[in-house]
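Knowing the structure of chain A, use the given hints to seat chain B on it.
Listed below, chain by chain, are the residues.
There are 2 protein chains.
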Amino acid sequence: MIEILRTTKQFEIFRKIYDEKSVGFVPTMGNLHKGHLSLAKESLRNNDLTIVSIFVNPKQFCPGEDYEKYPRTLGEDTAQLKELFRSENLMNSEKRLAIFAPESILEIYSPGFSTVISLPMLSNKLCGLNRPGHFDGVSTVVFSLFSLVRPHKAYFGQKDYQQYLIIKKMIEDLRLNIQIVPMPIKRDNDDLAYSSRNQYLSKEERIDALELPRTLSEIKNIIKTNIWPVAKVKMDALVNEKLANKKWEYLKVLDLVNLEEPQEGTYTVGIFGSLKLGNTRLIDNKLVEIKYA
Amino acid sequence: MIEILRTTKQFEIFRKIYDEKSVGFVPTMGNLHKGHLSLAKESLRNNDLTIVSIFVNPKQFCPGEDYEKYPRTLGEDTAQLKELFRSENLMNSEKRLAIFAPESILEIYSPGFSTVISLPMLSNKLCGLNRPGHFDGVSTVVFSLFSLVRPHKAYFGQKDYQQYLIIKKMIEDLRLNIQIVPMPIKRDNDDLAYSSRNQYLSKEERIDALELPRTLSEIKNIIKTNIWPVAKVKMDALVNEKLANKKWEYLKVLDLVNLEEPQEGTYTVGIFGSLKLGNTRLIDNKLVEIKYA
Chain A
1 MIEILRTTKQ FEIFRKIYDE KSVGFVPTMG NLHKGHLSLA KESLRNNDLT
51 IVSIFVNPKQ FCPGEDYEKY PRTLGEDTAQ LKELFRSENL MNSEKRLAIF
101 APESILEIYS PGFSTVISLP MLSNKLCGLN RPGHFDGVST VVFSLFSLVR
151 PHKAYFGQKD YQQYLIIKKM IEDLRLNIQI VPMPIKRDND DLAYSSRNQY
201 LSKEERIDAL ELPRTLSEIK NIIKTNIWPV AKVKMDALVN EKLANKKWEY
251 LKVLDLVNLE EPQEGTYTVG IFGSLKLGNT RLIDNKLVEI KYA
Chain B
1 MIEILRTTKQ FEIFRKIYDE KSVGFVPTMG NLHKGHLSLA KESLRNNDLT
51 IVSIFVNPKQ FCPGEDYEKY PRTLGEDTAQ LKELFRSENL MNSEKRLAIF
101 APESILEIYS PGFSTVISLP MLSNKLCGLN RPGHFDGVST VVFSLFSLVR
151 PHKAYFGQKD YQQYLIIKKM IEDLRLNIQI VPMPIKRDND DLAYSSRNQY
201 LSKEERIDAL ELPRTLSEIK NIIKTNIWPV AKVKMDALVN EKLANKKWEY
251 LKVLDLVNLE EPQEGTYTVG IFGSLKLGNT RLIDNKLVEI KYA
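Residue numbers (this note's numbering), protein chains in the order written: chain A, 1 to 293; chain B, 1 to 293.
Excised from the complex, chain A in its bound form (with noise of 0.2 Å):
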């Protein structure tokens, strides 16, 4: 029914009996929320079997980041996707769902590894500056899972956005034959985003947090209500009134296929905000048309 794999070789003999069938892909490092879940629920529906993949990625936390203490949690991940399994009726169902859980760092990189994948122009901007070298670890992994794992589709979540736009980019410049599938931020009662970084927050954080959300609901409403040129000049005054404070590491309106700064011909932009508290940095992304006159 569910399947643990914890090593490369278990996978590929894994892998290899669905050869004939459709596979779906839900990458993770694990610690599982509502969000996950929602990708791996719709893999679950559109193929016969899907692969959630749990790796705690060394190559995408920068030097002072939290990679030793990033939750690992695969017990309980794994008691949640076998009761998404269960409720949704797949038990008796030809549908089958594995873990791909690496049990170490060398069952992905190979001693000696030194392949990078990059995508400069995407990877430049908003997340990419305070955190350099996190796309590249994110390419490079997401590469070598792909590789693995074989996947007709591959499912991202939208929080991510910029991570998803590099993603699906490298996909078509490198020609590799999968269809990757966008799906929406899940959030909390409250607004906030999932992430598994929310249990860092102390309970004034968290309080504290719902700006993000708000804000980048403030500037969708100014958009929403007003013609272009006008809206940006609102929307700029916002934005640079929440910037005085430092907590907001960044708060950009941006294109959404190419992350520039919305020209003339621009008909959807992302609202893009990082938001830290204490130690923790949260992101959230809306997405909004421009109105033309």
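Fair warning: there could be bad hints in the mix.
It does not matter which identical chain is used: a pair holds within one copy or between any two.
Stated by the list, open to error - Capping the alpha-carbon separation at 20 Å, the derived lysine to aspartate or glutamate pairs in EDC-like fashion look like this: (1) LYS169 / GLU107; (2) LYS169 / GLU264; (3) LYS9 / GLU172; (4) LYS234 / ASP255; (5) LYS168 / GLU218; (6) LYS169 / ASP255; (7) LYS95 / ASP19; (8) LYS246 / GLU172; (9) LYS59 / GLU172; (10) LYS224 / GLU107; (11) LYS276 / ASP208.
Everything labelled a hint here was simulated from the structure, so no lab data went into it.
Relative to chain A, chain B alone:
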């Protein structure tokens, strides 16, 4: 018999016909010489279908290099490959030879292409020092071509030993299911390695160029006829003497496996040299086993 494919679309349709056949691949920038032909010959012997790509890859030229004036000789290249095919008595065989010569850069790099594959540890030395970005351009284009060509075997000449090693490591790291076949350097009667750049040499430069293989042979001889600590002292003296002449861009003896300085446990070294004659940079190498006491 010999197909010439000028677009990616054409190529992909053609390639599908051979999905069940063994495919050998010889990536080149054209202007074929005996070195290239020896790779194609080896591929023809060992595969049902051999694909020679001819693509002058802008990404591997650095600013100020000879991208514009790099010789483009598709007619002659085709004639040479046809002659090879004929002389190997393959005209009435099942073997096939195809030339993939993209008619535009856009056939390989779609607009907005932004992925870079790099192997900094192997690239930041020897030729990489004077040619920033060169090897990133090589690994990126070779990956792209691999994606299209889907070869079982890929043939690389050992004149570009560093390039061979980078591609070998990329294949390993990224789990590409391709066997890389290194092929020995082809040399002219005077021991100069064949290179498309030899034609740039004046008559005098061509004579001066012989210092390259001659010096490598001298060092090879020192290493062959002395036990290692002694060989190293003698060899270092000769290297320092040579490097006093600014024509030498580098002259180094390195472990063949990782291009690091030889250490205890290094059995085979490469003697790598790069000599600049006017505006033309030539490279060459010779391999030799270290003798320990």
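Hint check results:
In the homo-oligomer, the alpha carbons of LYS169 and GLU107 lie at most 20 Å apart only across protomers (17 Å), although the nearest pairing inside one protomer, at 26 Å, exceeds that limit. In this assembly of identical chains, LYS169 and GLU264 lie within 20 Å of each other by CA distance neither inside one copy nor across copies; the values are 23 Å within and 44 Å between. With identical chains, the CA atoms of LYS9 and GLU172 are at most 20 Å apart between copies only, with a shortest distance of 15 Å across copies and 28 Å within one. When the C-alpha separation of LYS234 and ASP255 is checked against a cutoff of 20 Å, the pair qualifies only within one copy, where the shortest distance is 18 Å, while the shortest distance between copies is 62 Å.
For a Cα distance limit of 20 Å, the shortest separation of LYS168 from GLU218 qualifies neither inside one copy, at 29 Å, nor across copies, at 52 Å. Within a single copy, LYS169 and ASP255 get their C-alpha atoms as close as 15 Å, which meets the 20 Å cut-off; across copies the closest is 37 Å, which misses it. Taking identical chains as interchangeable, the C-alpha atoms of LYS95 and ASP19 lie at most 20 Å apart only when both belong to the same chain, with a minimum of 14 Å there against 29 Å between chains. In this assembly of identical chains, LYS246 and GLU172 lie within 20 Å of each other by CA distance neither inside one copy nor across copies; the values are 37 Å within and 45 Å between.
For the identical chains of this complex, LYS59 and GLU172 are inter-copy neighbours only, at 18 Å across copies versus 23 Å inside a copy, given an alpha-carbon limit of 20 Å. For a Cα distance limit of 20 Å, the shortest separation of LYS224 from GLU107 qualifies neither inside one copy, at 48 Å, nor across copies, at 40 Å. Only within a single protomer do LYS276 and ASP208 lie at most 20 Å apart by alpha-carbon distance; the minimum there is 10 Å, versus 63 Å between protomers.
Checked against the numbered hints listed earlier, the structure breaks hints 2, 5, 8, 10; every other hint is satisfied.
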